[in-house]
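Novice: Next come the chains, spelled out residue by residue.
Protein chains: 2
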Amino acid sequence: MIIDCHGHYTTAPAAHTDWRERQLEAFLAGEPAPAYPSISDDEIRETIEKNQLRLLRERGADLTIFSPRASAMGHHRGDLGVGIAWARACNDLIARVVSLFPDNFIGVCQLPQTAGEPLDAAIAELRRCVDMGFVGLNLNPDPSGGKWNSPPITDRYWYPLYEAMVELDVPAMVHVSASCTPVFHATGAHYMNADTTAFMQLIQGDLFADLPELRLIIPHGGGAVPYHWGRYRGLADMLKKPSLDTHVMRNVYFDTCVYHQPGINLLFEVIDLDNILFGSEMVGAVRGIDPRTGHYFDDTKRYVDALDLSDKQREQVYSGNARRVYPRLDAALKARGL
Amino acid sequence: MIIDCHGHYTTAPAAHTDWRERQLEAFLAGEPAPAYPSISDDEIRETIEKNQLRLLRERGADLTIFSPRASAMGHHRGDLGVGIAWARACNDLIARVVSLFPDNFIGVCQLPQTAGEPLDAAIAELRRCVDMGFVGLNLNPDPSGGKWNSPPITDRYWYPLYEAMVELDVPAMVHVSASCTPVFHATGAHYMNADTTAFMQLIQGDLFADLPELRLIIPHGGGAVPYHWGRYRGLADMLKKPSLDTHVMRNVYFDTCVYHQPGINLLFEVIDLDNILFGSEMVGAVRGIDPRTGHYFDDTKRYVDALDLSDKQREQVYSGNARRVYPRLDAALKARGL
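Sequence order for the protein chains is A and B. Take 12 as the starting number for the first sequence in the numbering used here and just add one per residue. Take 12 as the starting number for the second sequence in the numbering used here and just add one per residue.
It should be emphasised that the hints constitute simulated quantities derived from the structure, not laboratory data. Do not rely on the hints blindly, as some may be mistaken.
No distinction is drawn between identical chains; accordingly, a pair holds when it is met within one copy or between any pair of copies.
With a Cα cut of at most 20 Å, we get these calculated DMTMM-like pairs of lysine to aspartate or glutamate [as the list claims (entries may be wrong)]:
{"id": "1", "residue 1": "Lys251", "residue 2": "Asp301"}
{"id": "2", "residue 1": "Lys252", "residue 2": "Asp301"}
{"id": "3", "residue 1": "Lys345", "residue 2": "Asp166"}
{"id": "4", "residue 1": "Lys252", "residue 2": "Glu54"}
Put together the whole structure using the sequences plus the hints.
Specialist: Printed below as a string of structure tokens:
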């Protein structure tokens, strides 16, 4: 079984994304949001069958851990009330995809997060989504969209959410949303920077000493981290922290969203296999075909398949690690005899 | 000959760094800065001989392209007048190091930059330093120290400086300074993020179409870029830009400040040899010894030596590329018969 841990609903029906714009317009006008539109099952089916499901099948994967479009979370837009309604709408849509294609998708939720606000609404939405069968969440370390005015992810500000995660036994993917500054291109800079920043915060802090059961996935192959693994090992040493193996890597996982063979080779060379989850971010940031290979840049399964791994190792990366990191996914699969 | 393109005077005499603090205190108190202290040649000699020069010799390199301590540039502190005085003090100290050790160091300057201010003072300081024999400059793409409120480096705001660089035939290393937010660790996050961000800005813009002779060095092995080379090639394609080879890589160079063998291997696998300059950032961000190798993390020459390169290729990375990118360095060496 091949599980893709990182897929977003980037192809949601136009009525859904149009409603978001009308919701924000109403907020700015001081008016109540319009009613959420009616979207048929057929419309949802079409957006999935033509895109994610087609590619999943073409590439030979089975199941995607599926969440709302990351760049559209837009935690910096509107206020917390707007964010609550938007997160519910997005998560309910994911729940519908999962109910239509239960063999191929399982849900991860977006949270309502507003910089400077407490996390109660985020925790409530997480609980609601777990009740609907979701197995994890996306946590935005910078809900300001590039201003970076929230505390580091090791700060106690985040602990109530972490405690709920531990209680519910769900991991978070640390994933920013759109950038509201022209300085940071969203998928080319802001995403990578957030991954790198989050990892360095984890080195500086002692989060997992406090919460040894907390699990975080850092996407996009860990940003700059594996490429600079020596720097991070050296910085941990300079900061008089324990070795990264025990200080961070018992609780942190990287996905394989690295879009060329040399990058994937490096990831597997420096990061323990237990810490790598197959992912593609498909349909996502990079949608084209690599002229050098004739294949999609984001067809990361090809790169992983090209590695010299044993069957057991391959099984770990393709499904075993995901089932361990997302126990609710494992339970759902076992309930189906898988 | 082995040229290290990336060294900072991180071991400057205490009187120099103490003066900086007194200068800032005076600024806050609305008083004139105290007189700059007298620092003897012997004091400077000692800080260099015991540190950079010792390590240069131990590691078998010859000459360092040497600039003021990057994290101490602190463009976000004080105002432009404070920055002008501080840049002059730092650059004058570099000039003294170079005059004491002309065979081993050549100067690159720090600029006075204040977010939102024009670049006239920076250009004036660059001209002053080039007149003193400096061969390049460090350009801070985020003089705010983590607020990122300056325009992208492709913006016309920066063009007057770029035009001076082209006129003077000097390249810039794109290098941020300290971070004023706890979110970004300086050397573990802010530096890497700036490298990645700058490269993505160059993909989005058309800077080198306007200024085909401009040359930029992106340090720390290019941040996250080589590891995600497929992503960047794919993003250029999605943005309908020309191939990175022609759009960016005729004008952009990466150093070898990547502190483990797998990272260096990847850098040389994906980036054309013409675009790689040997560098160590020594004495810099990571000062310890890697327990896995028994050698300093930042002894990057060991990693480069371990590559399977021809003599000609090795010469390119160790000196040929630096002499091409820094023509004033080449001229200075030729004047000495080197």
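Novice: Give a verdict on every hint.
Specialist: Tested hints:
Taking CA atoms no more than 20 Å apart as the test, Lys251 paired with Asp301 passes between copies only; the shortest distance there is 14 Å, against 43 Å inside one copy. When the C-alpha separation of Lys252 and Asp301 is checked against a cutoff of 20 Å, the pair qualifies only between copies, where the shortest distance is 14 Å, while the shortest distance within a copy is 41 Å. Neither within a single protomer nor between protomers do Lys345 and Asp166 lie at most 20 Å apart by alpha-carbon distance, with minima of 36 Å and 55 Å respectively. In this assembly of identical chains, Lys252 and Glu54 lie within 20 Å of each other by CA distance neither inside one copy nor across copies; the values are 52 Å within and 34 Å between.
When each numbered hint is compared with the structure, violations occur for hints 3, 4.
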